[in-house]
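Protein chains in written order, with this note's numbering: chain A, -1 to 309; chain B, 10 to 258; chain C, 30 to 623.
In short, the hints are calculated from the structure, not lab data. Ideal Cβ placement from N, Cα and C applies to all residues, glycine included. Don't take each hint at face value.
Now the in silico label distances, taken between C-beta atoms and shown as ranges [claimed, not checked]:
| # | chain 1 | residue 1 | chain 2 | residue 2 | range |
| --- | --- | --- | --- | --- | --- |
| 1 | C | 578 | A | 64 | 55 to 63 Å |
| 2 | B | 25 | A | 64 | 57 to 65 Å |
| 3 | C | 282 | B | 210 | 35 to 43 Å |
| 4 | A | 135 | B | 36 | 39 to 47 Å |
| 5 | C | 202 | B | 202 | 17 to 25 Å |
| 6 | C | 450 | B | 25 | 24 to 32 Å |
| 7 | B | 210 | C | 401 | 31 to 39 Å |
| 8 | C | 107 | A | 281 | 28 to 36 Å |
| 9 | B | 36 | C | 107 | 22 to 30 Å |
| 10 | A | 183 | B | 40 | 40 to 48 Å |
| 11 | C | 578 | B | 75 | 16 to 24 Å |
| 12 | C | 270 | B | 61 | 31 to 39 Å |
| 13 | B | 215 | C | 491 | 26 to 34 Å |
| 14 | B | 202 | C | 107 | 51 to 59 Å |
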Amino acid sequence: MSILILAEHEGGEIRPATLNVVAAAKAIGGDISLLVAGLNASSVAEAAAKIDGVAKVLHCDDAAYEHELAENLSALVVSIAEGYSHILFAATAAGKNVMPRVAALLDVSGISDITDVVSEDTFIRPIYAGNAMATVKSADKVKVVGVRTTAFDAVADSGGSAGVETVAAVAANDQVSFVGQELSKSDRPELTSAEIVISGGRGMQSGDNFVMIDEIAAKLNAAVGASRAAVDAGFVPNEYQVGQTGKVVAPNLYIAVGISGAIQHLAGMKDSKVIVAINKDEEAPIFQVADYGLVADLFDALPELSKALDG
Amino acid sequence: MKILVGVKRVLDYNVKARVKADKSGIELANVKMSMNPFDEIAVEEALRLKEAGHAEEVVVLSIGQTQSQETIRTGLAMGADRGILIETDDLLEPLAIAKLFKHVVEKESPGMVVLGKQAIDDDSNQTAQMLSALTGMSQATFASKVEVDGDHLNVTREVDAGLETIRVKSPAVISTDLRLNEPRYAKLPNIMKAKKKPLEVIAVADTGVDVSSGLSVVEVNEPPEREAGVIVGNVAELVDKLRNEAKVI
Amino acid sequence: MTYTAPVKDISFVLNKVIGLREIAKLEGFEEATEDMVGAILEESARFTGEVLAPLNSVGDKEGSTWSESGVKTPEGWKDAYSQFVEAGWGALAFPTEYGGQGLPMCVSSAVQEMWHSANMSFGLCPLLTQGAVDAIHHHASDELKDRYLPKMVEGVWSGTMNLTEPQAGTDLAAIRTSAEPAGDHYLIKGTKIFITYGEQDLTENIVHLVLARLPDAPEGVKGISLFIVPKFLVNDDGSLGERNDLKCVSIEHKLGIHASPTCVMSYGDNAGAVGYLVGKEHHGLMYMFTMMNQARHAVGVEGYGIAERAYQQALSYAKDRKQGQTLLGKSEDDQGIVNHPDVRRILMTMRSSIEAMRGLALECAAAFDIAAKHPDEEVRARCQRRGELLTPLVKGWSTELGVELCSLGVQVHGGMGFIEETGAAQHLRDARIAPIYEGTTAIQANDLIGRKTARDGGQGLMELMADMTETLGQLEKADNTNLKAIAKRFKVAMSSAEETGKWMLGQNDATMPSATSVEFLMMMGRLAGGWMIARSAVAANQLRSEDGADTPFLDAKIMLARYYAERMLPLVESGKTIITESAESTVSVAVDQL
C-alpha cells in the first residue's frame, strides 16, 4: 500500500495537523508520501522530509498553491494520484475544502473525519454530532479520507529522512482568486492544537466578559474557545466555536465556563483528556461529561481561579 | 440568474440520535425530522440574493424519500419559487448526491448553487465541493458573506484561523456556514401559498445517474461514554485537583 | 425554561380524534388539509418556542410600566410583536376578505394554545384583537369594517374590549359611560377598568370597543350600545389623524400576567372621545354576547396552554433532579425523582388532564366550524348547540383545572418550586386570572345550567350523552383490556352525570342548583374531557394495528386515557353526591354566622 498525504503549512512551517494525519497513515500502514504544495516552500519540504514515518516528500512550487485554493490543490493531487491506495487529508477547514473534490474527480466516495482505523479499508467515523460511531468499509480503488486530527496522536516532526522530489504544477484555475484574509490576532496557541482550552458560553453574557477568560488563558497558555450559543450571541467570532459545526478539540485540559453542554457542543470537546465545568446551574448537562465540576457563578469563580493560578 | 438550493431532511436538531438495536443505523421511524439547519441558511441566502435583485428564481432541490417533499415545502414557505424532489428510499453518499445535483444543474443551468456546508446527520461536509469538482463551477465553501459583483462573487469564508475572502467567477457553488445569515420564519400566507407552488418529483432511476457507492456502513455503535466525575466545593479545591490529581496544570 | 410545542399531540387530536379531514371538506375550509395544518403547526411551534417563549420570564420580572407618555412593554416585546405581525400569525382565523387566512377555529385554537404556553401575557394582545375583529366584522357597517378591519387583521392595529367599570363588573347593567350624538359620530365620556392592553407601545393604533349609554337609553342591559373608539382618529385615506380624547391613567399591579398591561382607561376628559356606533343603538350587549362563546373558548385554551408549559417544566425537572432511591428507577443513572411513583401520579395527572382539555377545546371549536360551514341546516344547528354547550366547560373547567395543574407543577419542584427564579411559580400566578376574566367560573356554571341546558330542555345535553354512549360501545367492543378498563369507569361516570342532571332540572327553587352549579360544571367538564381522551384511546387502538405504527406513542395515549378514567372520572361519581347532598348545607348558615 502507498499513502499520499496533502501536507498543510503556513508561514513556512508545517501545521501540526499534518503530524496527526501521518499518524493515521501509519495506522493504515504502507509507504507514506507527503505532498507539499506552495510558493517558495522548499524549507517546508525539507521540514516535511524529517517527519517521522514519511518515506517521500513531493514538492510542488508554484504561485497557484500560495493560498490553498481548492481547485488548484485538488487538480494537483489528482495529477499525481495514480498508484496510491490512500489519499489522506486533515479534517481542517483547508483539508475539508479539498478532500471531497479529489474524491469526486477520482469518482470515489470521500470518507470524512475518521477517528479510528480498523483495517486498510475500514474506518470509524462519528455521525450525528458524535452521538453514534459508524464503521464504514470502502471498496473503492483508492480511499480518499479526511482525518480527525484529535483522534490520532501526532508523530514526531524529526527523525525522518525522506527524499524530496519535485513534481510539476498543474495549470491554475482562472475562475477563482484569493483576495485577502483577516486572521484572528492572538498570541494564544491555536485552538485545535492547544494543550489547554478554556471556552465560554452564553453564561458569559457579553463579549466584554471574555477578558476574564483571556486572563486565565494567558496564565495557562491556553487557547480560547466558545460554544455556538456564544458565537450566535455575537460575543466572539466563529473561529472560536467548538462543537459539531465548529472545531473539534481534544486537549489535555478543557475548561467549559458558563456552557450548558448541548450535545452539539459536547461533540466538539468530549474527547478531551480532562474536562472541567463551571456553571451555576447544577443540572446543566455539561456536568455529566466533566471530570471536575464546580457549581458556581462564573463571575465569582473566574476572578478567584485567576488569582489561584498566581499562587 | 436562477439559484438552486439543496435541502436535506434530517433528524431534528433537538432530537437525540439513538442507535438502532441491530446496529444498522439510527432510529428514524416516528421521530421529528426537519430541514438541515445549514440548508435553512442556504435557502435564506438565496432569498436575500433574489430580494436584492441578483436572482429571478430560487429552486429548492431535495434528494430522498417522499417525505422530503415536506422539507421542500418548508423552503417554498420561506419564499422559494419551486421545488424538485429526486425520490429515493436509499441513503445516498455525497458523491451520488453531487452527481444528481449535477444532473439538475445541467437541466436548469443555475448561476449559483447554494448548499449547507454539512448535514447534521452524516456530518460529511462533501457535497458542495464534489459538485464544484464535477461541474467545473467555482467553489466557495463555508461562506460567511456573499457579495455579487457582476459575473463574479466575493465570498468571505470561515477558515480555521479567521476569515478569508476569495473572488470566484459565476456560476459558483457556495456552501453556507453558520454566520452567513439568520434564517427567517415562514410567514403564514407563504406557508399556505407554498402548497400551490410547483413541485416536480423525479425518480432516481429516471435521471440515468449512477448512484452506486463504494462505501458501505458495516455497523453503527453508541459512542464510548465518559465516566462520571466529581463535583468540587470551591475554586481552591479545583486548582488543587488539577495540579495534584489530574496533573494537567 | 424552554417550551417545545407538543405538535405531535395536537396533530393527533386534530387528525385522528376530531377528524380535521371532514372539516377540510367544508366549503371555505378547503385549505385546512392535514398537510397544510401540519406545516402551520410546525412553523408556529418554531416561532412560539424561539421567539415568544424566551420572553416569558423577562415579561414577568420587568412587567409593563406606565408613565404619563404611555405604557411601555418589557424589553424585547416590541420586536417580537412586529415579528408576529410580519409572519401573519394574528390573521389565522380572520376572514379572507380583510386579509385573513380564513382557517377553521379548531386550527386557530391549536395555534393559540402555543401562544399561551409560550407566553400568556403576550398572547393576550392578539387574543383581544381577535375579539374586537369578530365584533366589528359581525356587527359594524361596511364603512367601519373597511376602515378598521384590514389593519386590525394584519395586526398593526390592536383591539380592546371595554366592558367593566368600577361599579359594573359581572353586572353590566350598571354601566354609566355615556355617549352623546355629535353629527356622524358620538362623544364618549367615562372610565373603564381592567382593560387588557388598553395602552401599549406595540401597535400604531389601538381600536377600543366601548360599551356606553346613549342619553335616551333605557335602564339596564337593554340600554347599552357598542362604540368603536380609536386611540388615533383614522382619516378617510386610512392614515392616522389626531389623538383621540382618551388615555390610560394607570395600570394595575397584579398577581400574574405582569407583562400584559391591565389599564384604567379614561374617555372624554376634555371634549369627549370620538366614537362610532357599531350596529344599532342599544344592541351593544347582545353584540358582545355573540362573540362571547369565542372569547370564552379562547380563555379556556389559555387554561390548558399554561398548564402544558407548567407540565413541560415539571417533567424536565423531575427527570434531572435526584433525591433518594426511587422505586421505579432501573439503574443508578436512572434515579431522577420522576421515578418516584407519587411524582408519576402528579405528572400523569397533569399530562392526561391537559390531553382531555385539549381534546374538548378542539372538539368544541370543530363544532363551531361545522356550524359555520356545513351545507345541511340541521347539522349546523346541532353543531351550534354542541359548541355552545361545551363552551362553558372549556372555559370554566379548563381554567380551574389549569390552575390546579400549575400548582401541581410547583409541587414537583419541591422547595425550588416556591422560589421565583425556578420559573414554576410564574405559571401558577399567570394561570390564576383565567377562571376570573371573560366570566368567572360561577358565570360559566350559570350559563351551562341556564342558557345551555334548561333553555333547550336539555336537548344539547342529551345529544352529547348519546354520542358518549356510542364511544362507550366502541370502548366495550375493543379487544384491549385497557379500553375495557376505561369503559368500566366511563359508564359509571356517565350514569352519575345523567342522574345529577335530572336532579338539577328537577329543582323548583333556583337556590339549590345554584349552590352547587360550579360543581356540576366541573363534573360535566371532567366527564366530557374523559369522553375526549377515551376517543383518543379508541383512535390509538385502531392505529396500533397499522403498518409502521408508532407503538410507544399510541400505547402512551391509551395508558393516559386509562389513568384519566381511573383517577379523574371517579370524581364525577363523587360529584353526584356533592351536588345532590351539599346544596342545602351550603346556604343554610346565616351570613352573620359566617
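Report task. With respect to the beta-carbon atoms only, verify the hint that residue 282 of chain C and residue 210 of chain B lie 35 to 43 Å apart. Result -> Violated: the Cβ-Cβ distance is about 59 Å, outside 35 to 43 Å.
**Report entry** residue 135 of chain A paired with residue 36 of chain B, Cβ distance criterion 39 to 47 Å
**Finding:** Check failed, 22 Å falls outside 39 to 47 Å.
Query raised in the report: Is 51 to 59 Å a correct range for the gap between the Cβ atoms of residue 202 of chain B and residue 107 of chain C?
Result: Given about 28 Å between the Cβ atoms, the range is violated.
Query - Distance restraint hint 40 to 48 Å, applied to the beta-carbon atoms of residue 183 of chain A and residue 40 of chain B - result: Holds: the Cβ-Cβ distance is about 44 Å, inside 40 to 48 Å.
**Report entry** C-beta pair residue 215 of chain B, residue 491 of chain C: status relative to the range 26 to 34 Å that was hinted
**Finding:** violated (59 Å)
Query - Supplied distance hint 22 to 30 Å, evaluated on CB atoms of residue 36 of chain B and residue 107 of chain C - result: Since the Cβ atoms of residue 36 of chain B and residue 107 of chain C sit about 43 Å apart, the hinted range of 22 to 30 Å is violated.
Report task. For residue 578 of chain C and residue 64 of chain A, compare the CB-CB distance with the range 55 to 63 Å and indicate the outcome. Result -> About 60 Å separates the Cβ atoms of residue 578 of chain C and residue 64 of chain A, which means 55 to 63 Å holds.
Report task. Check the following: the C-beta atoms of residue 25 of chain B and residue 64 of chain A are separated by a distance inside 57 to 65 Å. Result -> With Cβ atoms ~44 Å apart, the hint is violated.
Query raised in the report: Per the hint of 31 to 39 Å, is the separation of the Cβ atoms of residue 210 of chain B and residue 401 of chain C within bounds?
Result: holds (36 Å)
Report task. Determine whether the Cβ-Cβ distance between residue 107 of chain C and residue 281 of chain A falls within the hinted range of 28 to 36 Å. Result -> Check passed, 32 Å falls within 28 to 36 Å.
Requested in this report: Take a look at whether the Cβ-Cβ distance between residue 202 of chain C and residue 202 of chain B falls inside 17 to 25 Å.
Outcome: Once the Cβ atoms are compared, 48 Å apart, the range 17 to 25 Å for residue 202 of chain B and residue 202 of chain C is violated.
Requested in this report: Starting from the hint 24 to 32 Å, judge whether the C-beta atoms of residue 450 of chain C and residue 25 of chain B obey it.
Outcome: holds (27 Å)
Violation of the numbered hints given earlier is confined to hints 2, 3, 4, 5, 9, 13 and 14; the remaining hints are satisfied by the structure.
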